[in-house]
Amino acid sequence: MGRNRNPSKQMRALLGVLSAHRLQWRHGYELMKETGLSSGTLYPLLMRMTDQGLVESEWHAPAQPGRPARHAYRLTAAGFALALEQPNEQAALPPGGSLA
Amino acid sequence: MKTLLSRAVMAFALCCLGESRGEWAAAMRAEFETAVEEGKPLGFATGCLVAAWRELVTRDEGRFALTSYALALGLMLPMAALQIGCALLGLPYLFPDQQGLSGAMLEGGAYENLLRGVYQAAIPSLALLQLLIGLGHLRIAWAMLERDWDAVTRLATLTLAASATLVLFMTVLFLNGIQALLQGGVLAIELATLVMVAQWHAQLPAGRSEPAS
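Line by line, the protein sequences give chains Y and L.
Residues 0 to 99 (numbering that gives the first Met the number 0) are what the first sequence spells out, left to right.
Residues 0 to 212 (numbering that gives the first Met the number 0) are what the second sequence spells out, left to right.
Bear in mind the hints are in silico, worked out from the structure with no lab data behind them.
The calculated lysine-lysine pairs, modelled on DSS-like cross-linking and capped at a C-alpha distance of 27 Å, are: (1) Y/K8 x L/K39; (2) Y/K32 x Y/K8; (3) Y/K32 x L/K39; (4) L/K39 x L/K1; (5) Y/K32 x L/K1.
Please build the complete structure, drawing on both the sequences and the hints.
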């Protein structure tokens, strides 16, 4: 998979938010609110980053009965490494952030 | 009302995403429920539609779907309409003397008495053949959009044979077959394009795994 070495502003924002809590799974709507990206920008970005092996996803059981399962996302080791390469986002990383 | 409209936009967006992005469509649908709760369903659904359209133009499968629809709507359906129109309405340019079916039947022509019987017997059959060619175009377009290449091949062969028969009989009857010949030429171009579209489909990951039914 190809790696995007010159991420767009939107991708840097997403990398920043996802890398702030590296191991935590995040839902799409939550990411929209935290990054300020619209669904029309966020989802193509998530698709591309997943194709490139930067983001991994899994289905989570619904919190309430009758609701659909939700797709959740987090950075892979490669995605986290890319986040570390971004000067602006690196400062935002938590002290305990790791490639594990 | 706003939620209903949002659900319609969302449904359209999910359709546009296609099978290869089915998991992402399910993900968007699940988040849409959260957007409804947050009171922003329309913005979310519109964004998903934009995302689906972006996927259409950036992925091979999407470009293939767009090309198929463009071919069907831009070439095959107009050709079908033209040919069905020629058959049912006797559009003037298909038959001699620019007078449609009645012109072909030589009503009022100088040689009417000599050939009237022959033409009257033949022209309705030719018009029926023309109608079948038009309907064949419609069915080919439908089969192409369903990616049923076996049906496309079968129908294309029949339509081509019908076109050749039409031109042949118009020539035998000394009718002006130039327009029919031109339409046969367009049909040949259509079929050559269909071959390329079928080859393109075979190269897509979904096309390789999905047998033509």
